[in-house]
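Enquirer: For the protein sequence lines, the chains are A and B, in the order given. The opening position of the first sequence corresponds to residue 1 in UniProt numbering, with each subsequent residue numbered one higher. The opening position of the second sequence corresponds to residue 1 in UniProt numbering, with each subsequent residue numbered one higher.
Hints listed in this document are in silico derivations from the structure and should not be mistaken for laboratory results. Just to be clear, a hint being listed does not mean it is correct.
The list treats identical chains as one, so a pair stands whether inside a single copy or across any two.
Said to hold, decoys possible - With a straight-line cut-off of 27 Å between C-alpha atoms, the simulated DSS-like cross-links for lysine-lysine are:
id: 1; residue 1: Lys334; residue 2: Lys39
id: 2; residue 1: Lys193; residue 2: Lys421
id: 3; residue 1: Lys375; residue 2: Lys307
id: 4; residue 1: Lys330; residue 2: Lys307
id: 5; residue 1: Lys224; residue 2: Lys402
Number of protein chains: 2
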Amino acid sequence: MIHRGLILGKKRKKASIISIGTEIIKGKITDFNSFWISKYLSKFGIDVKFHISVSDNIQNIAEAFNTVKNCDIVITTGGLGPTEDDNTKQAMAEFLNKNLFFDTNIWRNINKRYFKGRKEIPESNKKQAMNIKGGISIKNERGTAPGLYYNNKNTHYFLLPGPPRENRPMIENFFSETLKKNELIGNKEYEKKLRIYGVGESTLADILEGLETDCEIGYYFKEKAWLELDISNKESDWEASKKKVKETEEKIMKILNKKNIFYTGDVELNEKVFSYLKNLNKSISFAETICGGKLGSKLIEIPGASKIFKGSVVAYSDRIKIDFMGVSEKLIKKHGAVSNEVAQKMAEQARKLFGSNIGVGVTGIAGPSGGSKDKPVGLVHFTISVDNKCYNFQKNFIGDRKRIVYKVINSVFVELIKVLKKTFY
Amino acid sequence: MIHRGLILGKKRKKASIISIGTEIIKGKITDFNSFWISKYLSKFGIDVKFHISVSDNIQNIAEAFNTVKNCDIVITTGGLGPTEDDNTKQAMAEFLNKNLFFDTNIWRNINKRYFKGRKEIPESNKKQAMNIKGGISIKNERGTAPGLYYNNKNTHYFLLPGPPRENRPMIENFFSETLKKNELIGNKEYEKKLRIYGVGESTLADILEGLETDCEIGYYFKEKAWLELDISNKESDWEASKKKVKETEEKIMKILNKKNIFYTGDVELNEKVFSYLKNLNKSISFAETICGGKLGSKLIEIPGASKIFKGSVVAYSDRIKIDFMGVSEKLIKKHGAVSNEVAQKMAEQARKLFGSNIGVGVTGIAGPSGGSKDKPVGLVHFTISVDNKCYNFQKNFIGDRKRIVYKVINSVFVELIKVLKKTFY
Chain A
1 MIHRGLILGK KRKKASIISI GTEIIKGKIT DFNSFWISKY LSKFGIDVKF HISVSDNIQN
61 IAEAFNTVKN CDIVITTGGL GPTEDDNTKQ AMAEFLNKNL FFDTNIWRNI NKRYFKGRKE
121 IPESNKKQAM NIKGGISIKN ERGTAPGLYY NNKNTHYFLL PGPPRENRPM IENFFSETLK
181 KNELIGNKEY EKKLRIYGVG ESTLADILEG LETDCEIGYY FKEKAWLELD ISNKESDWEA
241 SKKKVKETEE KIMKILNKKN IFYTGDVELN EKVFSYLKNL NKSISFAETI CGGKLGSKLI
301 EIPGASKIFK GSVVAYSDRI KIDFMGVSEK LIKKHGAVSN EVAQKMAEQA RKLFGSNIGV
361 GVTGIAGPSG GSKDKPVGLV HFTISVDNKC YNFQKNFIGD RKRIVYKVIN SVFVELIKVL
421 KKTFY
Chain B
1 MIHRGLILGK KRKKASIISI GTEIIKGKIT DFNSFWISKY LSKFGIDVKF HISVSDNIQN
61 IAEAFNTVKN CDIVITTGGL GPTEDDNTKQ AMAEFLNKNL FFDTNIWRNI NKRYFKGRKE
121 IPESNKKQAM NIKGGISIKN ERGTAPGLYY NNKNTHYFLL PGPPRENRPM IENFFSETLK
181 KNELIGNKEY EKKLRIYGVG ESTLADILEG LETDCEIGYY FKEKAWLELD ISNKESDWEA
241 SKKKVKETEE KIMKILNKKN IFYTGDVELN EKVFSYLKNL NKSISFAETI CGGKLGSKLI
301 EIPGASKIFK GSVVAYSDRI KIDFMGVSEK LIKKHGAVSN EVAQKMAEQA RKLFGSNIGV
361 GVTGIAGPSG GSKDKPVGLV HFTISVDNKC YNFQKNFIGD RKRIVYKVIN SVFVELIKVL
421 KKTFY
């Protein structure tokens, strides 16, 4: 149960996250730490006030500390390494008007853990053993930079290294335990997520207009061409909150069902396809052009995919379609390579060649060139062949090459699930 | 030439970026705006001080404005829509201690551009016509929310909508022009980028230790399993800066060449493969297991891929390898499905089946299960078949399933380029 350990009815605490590093502020790397930590904090019923990214400059970091001084919790990532650009501790000391001292205990631990056996320890690493009076070193199991925890009564400071693989275990262990120990955990927001396929934001907005609800609803268009819809509620009573979210979720699902709009819950579409096929004990194969192999590669992202996935043929030229996929030259001449007829032949042939229960054939035009008036960029024909039955689909997608490919994948998977439901349930 | 229009020798201006939206602060969506805008600003020789992300709360937004009040340029994204959560203008007015007024000019434009022909305009959209005395509305060609520009002598404020497709044209047009008009452009930093494949961060650090340079060097591990190395220099004289960067770049390339480490410049590996094949007028096909089709799908990301890519077979079961790829049962029994022998047979067969100049066969174990003591997770055998010659490779990768697949793709493409060089140059 996710709501264990919650202290209900308490005022939620406020946190801010400071990401330190010139590489972030210059747009060299995207800061995924604050994103991840925010999600993590929401599990503890803690509100986030600011994310701040700042360069390695001491004055700027100190200023960032000053900006968030009224928060209950401050988490920094980055700037704990041994180089002269690593200034987080110094900046915090400056902001608090305290001195740093060389902590022999920390130094011993660094030596023990990372430099065992080595004769010469780089002098620069001594920087990582600096501490502030009252500061507690946080173990870093995956790197040389220990974290630092400091509590000045009003604010709990957690200084963590930048690499996610180093800081995440520190958050999951020391940080979480400190939150619990200091009773900083607030009401968890009850939340449900729906993943919606095949409609855009404005369509969804129109559909949901006038929906009566006590919940907060947000939806966000994801790069891979689907919409995430979040339903949340922050009642002081967890059960009441849950009930309200469920009510709203049911209302929304009813609307979506009525409009024949496809959605999943927490699960991604490829996982959904995988579990359907696995539960039905059915195998699949693809013959495709437009996605270049991406349909199969989406399935193999899931460990154990070999149980349901037999393989693909990517027939990127007409000759291959003819030699391989049993598509006759005449058929291509008559209907074009992007047509129902060719898609169907490819689907049937994939099923036979790979000996799978289901064969899917996909043809289409991803653009930017290759379109015509009759067959514009974004036109896709695909067929799902199950036993002796073929289901043909024609779609017209808009967007750039990448977006069109994502839409094709989503659309094939959605229709596939519908066909599986119809055929086997 | 990128350095046109620079005012050399001037002090660089400082900018901060505020991303507004509860969805960011809660970790629902990643803020790519500040990342993109930072990169854009660096083209104009402008330093970024802070990225701040903040919720829709007016007080918090006003506080964010206060934090960055000493910057020359402040850019906000988000919070300009018609809903009650859209508070950016109100927060700025509060921070500046000014009033908002309903600007009939802006309203007329909104009507003209977006609601032409519609009888009923939602009352809520009137919010988007609010202005501050002295403020200038910024045209939004792709949405209903106009931006707002305000200059209070010390600071130039640019309030922009959140969606990248709306705000980017506004940055490229109005924002850029305003920077030029107000002489806010500083020394452009000269910069070169190397993309390095097949080594980790610590190896690169060891290799570059002791390198003498006047440049700043940064390197960042990218999700798709390569390292980005940036060389930059901020001299007041552009030509001097360029010279220094080139010198350092040459030194580094020399070291990398000596160590036989593969790198590209600004170009991604799949583009590099594409242009090699295109220039040589050679075609390629794949027979693969471990990537599930991703090798082909990386190539088809590039428009015009059909010129060089003939197709793939994803042989995800032994039966397919036997029926399709001419791999004998005996061969699999003797050497295992993941072996040099099977990879080679698949490569040769792919070349023949698809009638391509080059055939690549890839077998491997992506994990997490399926490994053994002899053949552990991460073991990959692949073959590049060109005419009558086969080049066999064995690699042992570490990482999770996803990371291993990325490493396989990079490795296949790197070795392919090497083979192409050796064979055709």
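Enquirer: Hint by hint, note whether the structure agrees.
Expert: For each hint, the structure was consulted:
Proximity of Lys334 and Lys39 under a CA criterion of 27 Å is satisfied in neither setting, with 54 Å inside one chain copy and 50 Å between copies. Taking CA atoms no more than 27 Å apart as the test, Lys193 paired with Lys421 passes inside one copy only; the shortest distance there is 22 Å, against 50 Å between copies. When the C-alpha separation of Lys375 and Lys307 is checked against a cutoff of 27 Å, the pair qualifies only between copies, where the shortest distance is 20 Å, while the shortest distance within a copy is 37 Å. When the C-alpha separation of Lys330 and Lys307 is checked against a cutoff of 27 Å, the pair qualifies only between copies, where the shortest distance is 23 Å, while the shortest distance within a copy is 37 Å.
In the homo-oligomer, the alpha carbons of Lys224 and Lys402 lie at most 27 Å apart both inside one protomer (9 Å) and across protomers (17 Å), since each shortest distance falls under that limit.
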